[in-house]
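Undergrad: Here are the chains, one letter per residue:
4 protein chains.
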Amino acid sequence: MLSTFGESHGTAIGGIIDGCPAGLKIDFTFIQNELDKRKPGQSKITTQRKESDSVEFLSGILNGISTGTPIGFIIKNENQKESDYSHLEETFRPGHADFTYLQKYGLKHTAGGGRASARETACRVVAGAVAKLFLKHYKITVSAFVQSVKNIEADKNWMEKKNSLIESNKEKNLVRCPDARAAKKMQELIEQTKKNGNTVGGVISCKIENIPAGIGEPVFDKLQAELAKAMLSINAAKGFEYGLGFDSTKIYGSEMNDVFISDKNKSIKTLSNNSGGILGGISNGMPVTFNVAFKPVSTIMQDQNSVDKNGKQIVLKGKGRHDPCVLPRAVPIVEAMAALVVADLLLRNRSSKL
Amino acid sequence: MLSTFGESHGTAIGGIIDGCPAGLKIDFTFIQNELDKRKPGQSKITTQRKESDSVEFLSGILNGISTGTPIGFIIKNENQKESDYSHLEETFRPGHADFTYLQKYGLKHTAGGGRASARETACRVVAGAVAKLFLKHYKITVSAFVQSVKNIEADKNWMEKKNSLIESNKEKNLVRCPDARAAKKMQELIEQTKKNGNTVGGVISCKIENIPAGIGEPVFDKLQAELAKAMLSINAAKGFEYGLGFDSTKIYGSEMNDVFISDKNKSIKTLSNNSGGILGGISNGMPVTFNVAFKPVSTIMQDQNSVDKNGKQIVLKGKGRHDPCVLPRAVPIVEAMAALVVADLLLRNRSSKL
Amino acid sequence: MLSTFGESHGTAIGGIIDGCPAGLKIDFTFIQNELDKRKPGQSKITTQRKESDSVEFLSGILNGISTGTPIGFIIKNENQKESDYSHLEETFRPGHADFTYLQKYGLKHTAGGGRASARETACRVVAGAVAKLFLKHYKITVSAFVQSVKNIEADKNWMEKKNSLIESNKEKNLVRCPDARAAKKMQELIEQTKKNGNTVGGVISCKIENIPAGIGEPVFDKLQAELAKAMLSINAAKGFEYGLGFDSTKIYGSEMNDVFISDKNKSIKTLSNNSGGILGGISNGMPVTFNVAFKPVSTIMQDQNSVDKNGKQIVLKGKGRHDPCVLPRAVPIVEAMAALVVADLLLRNRSSKL
Amino acid sequence: MLSTFGESHGTAIGGIIDGCPAGLKIDFTFIQNELDKRKPGQSKITTQRKESDSVEFLSGILNGISTGTPIGFIIKNENQKESDYSHLEETFRPGHADFTYLQKYGLKHTAGGGRASARETACRVVAGAVAKLFLKHYKITVSAFVQSVKNIEADKNWMEKKNSLIESNKEKNLVRCPDARAAKKMQELIEQTKKNGNTVGGVISCKIENIPAGIGEPVFDKLQAELAKAMLSINAAKGFEYGLGFDSTKIYGSEMNDVFISDKNKSIKTLSNNSGGILGGISNGMPVTFNVAFKPVSTIMQDQNSVDKNGKQIVLKGKGRHDPCVLPRAVPIVEAMAALVVADLLLRNRSSKL
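Residue numbers (the numbering used here), protein chains in the order written: chain S, 32 to 385; chain H, 32 to 385; chain A, 32 to 385; chain P, 32 to 385.
The reader is advised that the hints may include incorrect statements.
Copies of the same chain are indistinguishable here, so a pair counts whether it falls within one copy or spans any two.
[Unchecked claim] In silico lysine-lysine, DSSO-like type, Cα no more than 27 angstroms apart, as pairs: (1) 216 - 170; (2) 281 - 75; (3) 192 - 281; (4) 295 - 139; (5) 75 - 300; (6) 281 - 187; (7) 225 - 343; (8) 170 - 297; (9) 81 - 187; (10) 340 - 297; (11) 295 - 281; (12) 187 - 56; (13) 193 - 56; (14) 348 - 295.
These are computed hints drawn from the structure, not numbers from a lab.
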């Protein structure tokens, strides 16, 4: 279980990972690597804002081993330029949370997004990395990649390949798409979009490999329900589907059903995986597969109409340093949230039987 | 908050609604009407299994008014025919939870789906109806309708119409689609599919009207995250999207952003509603709109290959009484879950300000 | 985890036991026996109100084995005599919750206590009995007994005897005190008190035997903290102490500390058990021992001054059928709550290590 | 709601306060003052270990006002002398959690108490101070004081005096007992005990003033149940009682019941306050009063018998700097936990009525 705190422009952000079992070897290099995949300024197609994003663990680990007590950590904020946002104080940016925070809390939060800034997701990546280390003991891996950017799509069959292959291929390009041809086009589109001061969205696919059968709760906390909540809690996420997802509405039940078979090891599998590895909210031993839709980021470098606090119409100038496409940096966040969900349900499942 | 219990073939199912504020007038007729929209055997395009599904309230209500303490209720199961399912005892039905329950709990649950049966959702409709009564005090309404069945789609613009209009139109046909032309084709397709012993899925759209700005929590419990979890916890749901959803990945940020305006009452709105009424996880005062994908039901009246407990290959005969298309009966379930989510977050929001 | 619902004078009370692992043999006779220890009218020193208190299980059990899904149950209310309480409608009974419920919920709940009635604890006994069956697998037993009634105290050394001996002795008398001499005097006092239309309280002691070391969480959810909450949630409980409790404030640290030793089986124990089997919130393998103080029941058969809703002074007549001393019937409730706490923490502890 | 992390000898301890409503003025000086009441080395009767214990807020506050989002904070650890504890690595200290942590987590935590150290309670004082600021808006105050040290007791009637009077008197001496005569004797006893290398315990009394009627939940989360859990979660606490507590077991119901009266402002009160301000788990508008028993601290400066990991008998030498009596420093912790409980239940109560 993860609790986080922190705003984009405070001293630090951080969190508490509660419930990590004792005895887990904490690989700090691995965790920092995960965090580096999310950090700003990592390539020419992400925001040029720089943050070193180095995580400091404060508790719960002794001699590199988890002790079973809460793991507290912080990531210091650097490079805050309050002045960057001073022009926004009195106005509502389209697509942003300025207006809704004011409505909810009765006061305007700090400029630059405050708690609504995607900066908060760095803490999720830290916790997700710890969850991944835990899942490694079960040989479970989580791999996400960019499936589409605007109208450019990667080959659909990457979801059926091994996670190890996905990983080695997606890190060969800046987009984190394992399909080299599509990645090249995606990168060109993102660069062109940036030049135009605009933004684009896309779809991230994710696969959880080697998840044993039996994970997930039967009714309200179904595995797909927890995944959907986790994914929709990510900034800019607009949709979630698992297995065949929305496409399953286009076919007949006789086409949709996955046939059970017994493989050579007498292990029961399904021939196809339209169900995305989940039946009745519980994993069936096949890979869990899902897609997440991300809208184009709201901050664009173009003039936009809006209103200020008093309802007066104004024109917002596009300024600052932002991402033309959030997807490459969202890949580790999707993986982190998926890892946290599976780790939690895996632990919870320890109580399913006598 | 709702807890439920019960299997398809036990004595009764039921639940506890905890946290309903004191002083709410409980309209029992309204609740039973909601339940009747979900019950089996209501029309020729649903399963012919008969259940009267009458709810019995046991506590938490005095003289027709909620007392503030837990509202317990049960719905008795009638018409259980154990023999209907005896042929399934030793086999795994494709698309069903028999296999995963066995993996999770180490024992086979009762035939006919047990806890995994959609019968459990009747309890959600009861609780959702109480939540709707609570929302009425805020003039908030929740309307869901069938947007598509397989490849037949209703006119897209129904999402922009008033909920009162949606309600009056959707109840004119058996499909619960407000677009009469599409509804007719959908019904024909469902009847034809039934004849073929097959099943079809589709998409249900839902709109929450008059929800005030400020509802939803900023990070993990975003309004869309809670809705996504609630929807994906419904049997057969495969996907969720809000606002423009997956389509938002196809356009530029400049097209996606909703422009803020000040209407004649000095109230701040957005010109378009691509965001689906939510910014940063918090409602912005515009209608909240979302779609849920439902796969075709897994129980088909055709022979299917599968295996038994020992991995031996077998052929499953299609038998029994089941829904060729679950969507008309899923409409009240989608509404119930949405109402519960909004009611919970509305109460939670009472603590947002000093 | 237990959720309950129900008022003293509705149709039924009931609850949901969530999280009982699959595969537990449910001994219905045992559960009903436990319930019978709490039921009214069981002896001449308890209230003469009659309720058969038979529990009906509605779900979560198949062929006498828990399935892992929620266990729903109800206990029907019999013998409601609304008229018994009609004279109380407009007044506030001293020591009762009429006034505070009105303040909290803005409306007066049903006469006779409503949700505040100790009738609700019957559901706890049902769930506690299931928890006891679960604990049996670990050979853990929970035994409570009456340690004192007003100024009559049982021999202190009963806490050091085996639970099996406590059980066999305490059930030999109506008071549930294993010390036969004290029990006799207690019974006489209770009978005399009843004649005078008055009530008495006392202390219940409880011992959890064979609880393994390691149970309990380190900070907020310490074993003693969860036990304290559980005990203080019981009607009429006024205090909780574990190990030496309040007496530990009277001695020096050098007298308080229990010395660790290694027994002949190389198992580490403590010589004394002043700590009550808990160190740092976690069980140390010694018996967990605690005491709970119960005030004399508030309903007395004497005239009492009070006020009505409008603040007008009135005299309340003592009428009805109530317990002169709640302790004999509270013994199974204390055991039930202790069993639930230990079962929950035991399951939670399954995640303490990798 | 408070989550904490941190060990006595890590880099820092800290926590997250979640659910503090927006708009609360955060008085940093007040918070640090509260913390100073708990810090080590504050007087000659506490441990001479020095920690400045200055709290650093990292988020959730803007321009001195709470924003409604999580308030993260840390307190750096200074003056860690690992060597102080090196002699304890292989042994189990009587009364300490070394043994139980090893049993629970399978590994020995850091020396010096680790997570089990009372150092963690500094975070509770920070959060409790924020809760006190919130309660001030309702004019609710929380005052705890030392009622007894070993066999020396303060005058019983301090519980009936105004909190303002208690506060001004208790801070006049090192013991935090408002009764000057008793305080003098307590101080002498503590000093003498220290000289002998021993420790003493005692009782802390606490009063919550101006708490409105209606706070607390009716069944499991009764106000006294939450208080009991909060108090028993404090290190060294062995017992809790509210109102007359254990003494209520010694009197008749006719003596125990508090008579309702209507005061000159037509407000309904009770003549006496045996109930400790709570009826049926819900505050009745009278002051909430309770006592907490603290054992003598386990660390003594005398030789003690114990065993090491292998069960070998050893003699532990008393070394280091510790408190001869924990009560003066526990007073702010009791207040902090009480303030947190009341703040939480007060916010929760915002949903009790329509």
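Undergrad: Could you run down the list of hints and mark each one as holding or not?
TA: Hint check:
no., hint, result
1, 216 - 170, "neither (34 angstroms within a copy, 49 angstroms between copies)"
2, 281 - 75, "between (40 angstroms within a copy, 22 angstroms between copies)"
3, 192 - 281, "both (25 angstroms within a copy, 26 angstroms between copies)"
4, 295 - 139, "between (62 angstroms within a copy, 24 angstroms between copies)"
5, 75 - 300, "neither (44 angstroms within a copy, 36 angstroms between copies)"
6, 281 - 187, "both (17 angstroms within a copy, 17 angstroms between copies)"
7, 225 - 343, "neither (30 angstroms within a copy, 58 angstroms between copies)"
8, 170 - 297, "within (20 angstroms within a copy, 37 angstroms between copies)"
9, 81 - 187, "neither (34 angstroms within a copy, 43 angstroms between copies)"
10, 340 - 297, "between (66 angstroms within a copy, 11 angstroms between copies)"
11, 295 - 281, "neither (33 angstroms within a copy, 44 angstroms between copies)"
12, 187 - 56, "neither (36 angstroms within a copy, 49 angstroms between copies)"
13, 193 - 56, "within (25 angstroms within a copy, 43 angstroms between copies)"
14, 348 - 295, "between (64 angstroms within a copy, 25 angstroms between copies)"
Checked against the numbered hints above, the structure breaks hints 1, 5, 7, 9, 11 and 12 and satisfies the rest.
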